[in-house]
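S.K.: Each chain is listed here by its residues.
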Amino acid sequence: MNRLERVGWLAVAIVLCVFTIPWFFWGDSTVVAGIPLWLWWHVGWMLLASVVFWLFTQRAWGIGIEPKEGDREGPGGRPEPTDGDAGGGERL
Amino acid sequence: MSLSLQLGIIVGYLVVALLVGVVAYRMTERTAEDFYLASRTFGTVVLLFTTFATLLSAFTFFAGPNVAYAEGPEWVLVMGLMDGIIFAILWYLIGYKQWLLGQTHEYVTLGEMLGDRFGSRRLRGLVAGVSLLWLFPYVMLQQVGAGTALEALTDGALPYAAGAGLITAFMILYVVVAGMRGIAWTDTLQGAFMLVTTWVAMLWLLAVVGGPSVATSALEAEAAGHLTLGSEFYTPQWMLSTAITIGFGVAMFPQVNQRFFAAGSRTVLKRSFALWPILCVLLFVPSFMIGAWARGLDITIAEGENVLPVVLAEFTPIWFAALVIAGAMAAMMSSSDSMLLSGSSYFTRDLYRPFIDRGLSERREDLIARIGVVAFATAAFLVSLETPATLFELGDAAFSGFAQLTLPVLVALYWRKTTRAGIIAGILSSQAFYLSALFVESIVAALEAVGQFPVAADVVPMLIVVVTTVLRESYFGWTAGLVGMGVGLFVTVGVSLVTSPAAEEKLTLYFEGLRAD
Numbered sequence: 251m252n253r254l255e256r257v258g259w260l261a262v263a264i265v266l267c268v269f270t271i272p273w274f275f276w277g278d279s280t281v282v283a284g285i286p287l288w289l290w291w292h293v294g295w296m297l298l299a300s301v302v303f304w305l306f307t308q309r310a311w312g313i314g315i316e317p318k319e320g321d322r323e324g325p326g327g328r329p330e331p332t333d334g335d336a337g338g339g340e341r342l
Numbered sequence: 002m003s004l005s006l007q008l009g010i011i012v013g014y015l016v017v018a019l020l021v022g023v024v025a026y027r028m029t030e031r032t033a034e035d036f037y038l039a040s041r042t043f044g045t046v047v048l049l050f051t052t053f054a055t056l057l058s059a060f061t062f063f064a065g066p067n068v069a070y071a072e073g074p075e076w077v078l079v080m081g082l083m084d085g086i087i088f089a090i091l092w093y094l095i096g097y098k099q100w101l102l103g104q105t106h107e108y109v110t111l112g113e114m115l116g117d118r119f120g121s122r123r124l125r126g127l128v129a130g131v132s133l134l135w136l137f138p139y140v141m142l143q144q145v146g147a148g149t150a151l152e153a154l155t156d157g158a159l160p161y162a163a164g165a166g167l168i169t170a171f172m173i174l175y176v177v178v179a180g181m182r183g184i185a186w187t188d189t190l191q192g193a194f195m196l197v198t199t200w201v202a203m204l205w206l207l208a209v210v211g212g213p214s215v216a217t218s219a220l221e222a223e224a225a226g227h228l229t230l231g232s233e234f235y236t237p238q239w240m241l242s243t244a245i246t247i248g249f250g251v252a253m254f255p256q257v258n259q260r261f262f263a264a265g266s267r268t269v270l271k272r273s274f275a276l277w278p279i280l281c282v283l284l285f286v287p288s289f290m291i292g293a294w295a296r297g298l299d300i301t302i303a304e305g306e307n308v309l310p311v312v313l314a315e316f317t318p319i320w321f322a323a324l325v326i327a328g329a330m331a332a333m334m335s336s337s338d339s340m341l342l343s344g345s346s347y348f349t350r351d352l353y354r355p356f357i358d359r360g361l362s363e364r365r366e367d368l369i370a371r372i373g374v375v376a377f378a379t380a381a382f383l384v385s386l387e388t389p390a391t392l393f394e395l396g397d398a399a400f401s402g403f404a405q406l407t408l409p410v411l412v413a414l415y416w417r418k419t420t421r422a423g424i425i426a427g428i429l430s431s432q433a434f435y436l437s438a439l440f441v442e443s444i445v446a447a448l449e450a451v452g453q454f455p456v457a458a459d460v461v462p463m464l465i466v467v468v469t470t471v472l473r474e475s476y477f478g479w480t481a482g483l484v485g486m487g488v489g490l491f492v493t494v495g496v497s498l499v500t501s502p503a504a505e506e507k508l509t510l511y512f513e514g515l516r517a518d
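These protein sequences, in sequence, are chains A and B.
Quick note on numbering: the first sequence equals residues 251 to 342 in our numbering.
Quick note on numbering: the second sequence equals residues 2 to 518 in our numbering.
Next comes chain B alone, as it looks inside the complex (with noise of 0.2 Å):
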């Protein structure tokens, strides 16, 4: 019954996306800006919904109630002001900017943006492999999670590579016909859906338990400390540079910064940035209060399990468990879905236009973009069979990679003293430190291996000690990506400080004519 009925209504989201894509199709232009950006028409409510919905999805739902069920509901915090108070100012000082520019330029990449600006195809083409380079892993991993979660629902009988192999196809099949304008639609439907199951759910299981005083008395019988703000978990440091990182890093996941591009007008700019922290905590509170919650409550998670879909289980219909479930796989998708899109975006004008061929004309474009949904999803679903994890790595810290692009960025949009060197010295330095700090392992691995050779003997325990010094996992329990943001901020300023601007640089692109009215 339960399986049936779950499977049931994944089908019939499935469905009815398929129609709003449908529909979404018959009104597009066959042109590239209209299937990435809508033709930057997007309305409050769907910029709002579609940005809330790509930005929070199966985590939202999955690894933040495990998170507050393990460690307590300081998470609530940490998500309030990573995304509702950094990422909402980071939404007018890069977002409402770069609408200006792009009103103007009609730029569709971040790439594109800073490439014109700085005269620099290098540039173009570094911020979007970059971007690509922590993008994939991450799309894959939703790719694994999708497929996993279909294993459990079927208890096996829809095995991974299948599970993750169609829902590969169906948004695949998805996101070439709708493009951006059918995605934003079922994002914000499916925003809305979150927001209204979310707290229906917190409200059945307060009524079944006995109201927020009962299930907080029980949640301190059983783990007193969850209820103190701040534990050996949750230490300032560690809230704030997850907060800090993640909140940088969403700002240049390129599914949330080619957002930026696509508003219809001020207004909506203006409407959805104050909008923007009530949202944020109408969704955090009752879903992590949930996972809180769910620790005092007399029921078990196996390991490896997540919490939500057990505390429904046991404390609501099963029907409305399903549909919680349901919509926590549509929101797995949907956040892939723009993941494809943007990705494709960026490899399409920021690498193969360039590079490959530069007299792209605006149809062959189109074509050449829906292609490349296809060969992303394809490579990142094949690629997620051998399950590599080097790339698993990669996806789990891509908002940290992506925070590394934010201060150079930042710099070059406020600072007219940018030269080209310097954002591109601040790129590389502050991908390679995160990067190699991430992997310093392997670092060390290979280093060892040189030393074997006598030549190099002498000189290897002590480029050991230099690489284990300054590249660690925390610094006096800041992490490396904080550590690594600063050092881009602090080589695209200084290397600006010492290099002339290249003659191509547009040095005032950023700074006059900007008016969009």
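Chain A with its partners taken away, still in its complex shape (with noise of 0.2 Å):
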């Protein structure tokens, strides 16, 4: 797997955090449907938080975890998207 992709995912990561707490509704009172709009936005987050996992185990898991035999630093092959294959140690 190579390195943009981590990146890419890490990145996906981070948005999920940061958004989950609407803060472009700070000081926003809006109320729709008896519940106040930014509680909307988090349950919607939060589903889509689920879509976005469900999507990195179909594609990703393993990314940054396992090792892939002789590809340890990695712009080698392209790994497939199957279950399990992976890049090298993530520095973090």
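Do not take every clue at face value.
Chain A regions said to be covered by chain B (calculated; three or more residues, Cβ under 8 Å) [what the hints assert, rightly or not]:
id, stretch
1, 268–276
2, 280–294
3, 302–309
Label-pair ranges, simulated between beta-carbon atoms [claimed, not checked]:
id, chain 1, residue 1, chain 2, residue 2, range
4, A, Gly-294, B, Ala-446, 30 to 40 Å
5, A, Ile-264, B, Gln-238, 12 to 22 Å
6, B, Leu-383, A, Arg-309, 47 to 57 Å
Simulated from the structure, these hints should not be mistaken for laboratory data.
C-beta: ideal position from N, C-alpha, C; glycine also.
Put the two chains together into one complex; each comes in its own frame, and the hints tell you how they fit.
M.R.: See below:
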């Protein structure tokens, strides 16, 4: 799994964290169908997170964790998106 | 009527739990691995709900709605971020890697996993010791909670000590008999029960009140600011600090962390990971909205009283309210029994075996583990009778205390250059920092006492200034727990950079051969 993909998923994770709380509704008190709008956003966002997590398990599970033999540092062959093929140790 | 009904429901629950425990016992092999981890066989539903029920217990039922009542429903967002998203990501980053390592090397505890990589018995003992330091008072708090709840429920007929004692005795019996498998099974029942009753409770309340719009208008009339996102209480710094420290802390709580080892397969981990945010939001929204809406309803909450039981008593039939309260008691117990089991495993595997009896056989370890449960629970109960203020403070701060472990562990898992000295220094420094921040008043008092001696009189005032400047409750709105995590990260990386790995370290252990097909 190449570096770009690792960085990409990391970015997705950060975006998921950042917008769980809808900061752009700060100070807003609009109510839709009896529930504050910001709470609707949150509910929708959590559903989206589940979908994204599911996509992750289908396409990239193992990324950053499971080493692929002979491909530790990785610009090598494109890994197929099957269960568990992934790149080298992720550097945090 | 209500009292006997409530007690009947609680006793009924205990009997069902015990039956499940006996069935689990009959399936159990007499090994420590089976007692602690159910031989790593959990399927998706069991893993999902046991983690869920262990994580979200009495707190979700009582403290959460109380916060939403007092300060507004933003608490849903904080909990959603900490448990639904941050913990889920750690589920992958820490949990999946731990699971793979556990499959390959048969680790049962976090300390064991770290001790093996860094070739250090001391590190193993340190991680177990730090964990027990935070876990013990937290278990104590649960016992106090259960004892107090029973006392209130029976109008004092069952005094606190007797109630807490009974619950403790039941938990000991249950854990010793059932082990991890039985605990996980009851957790599953109880998690599903929690979810269903919370939804029914919210729908019931809304049906009586006249729908969400009516309830929200009432809330607006009573406390308009509660519908606005953000307040003096809910500042961005506080929301983020709380979500991050608790979310990271949860991953190191022994009873949660150990569940990472117990999954039956990779598919189980994947499915539970993807379902996690939905499960969280499904519970948090009804649970905390009940608390938030209660503010606008015509009820009075006495000082120190929990909101949820009062609302239910007012708006739903007595049997239903009793059912939910019984569920909450059960929730408290299901978290505590998991903690007892994990606490005992940390003690047996990471302290007793390495430091006292290295040649422990499997069979004997299984026995010691069960004795450990009895000792741990009894000690926590006896100490709780003394209501020690220091320990209560530790219990309240347990999540942040555990959060101090997370970053050094993450660094070790993902950065090859981590050294033994680095991780030990990181753990010690962040713990020292956070504990000092928690007990800064005692430190200042101690310094003042030392200042009575003429020799120290000049230095002490200066020291006090330094201590109170460095250690605070909040750093520009960010909590000490979060700052402590930063300290741990910085020291782990910094010390690792300037030291070389010890000869016994297995440098590639976390990076190569990680396949468990």
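S.K.: Run the structure past the numbered hints and jot down the numbers of the failing ones, going up.
M.R.: 4
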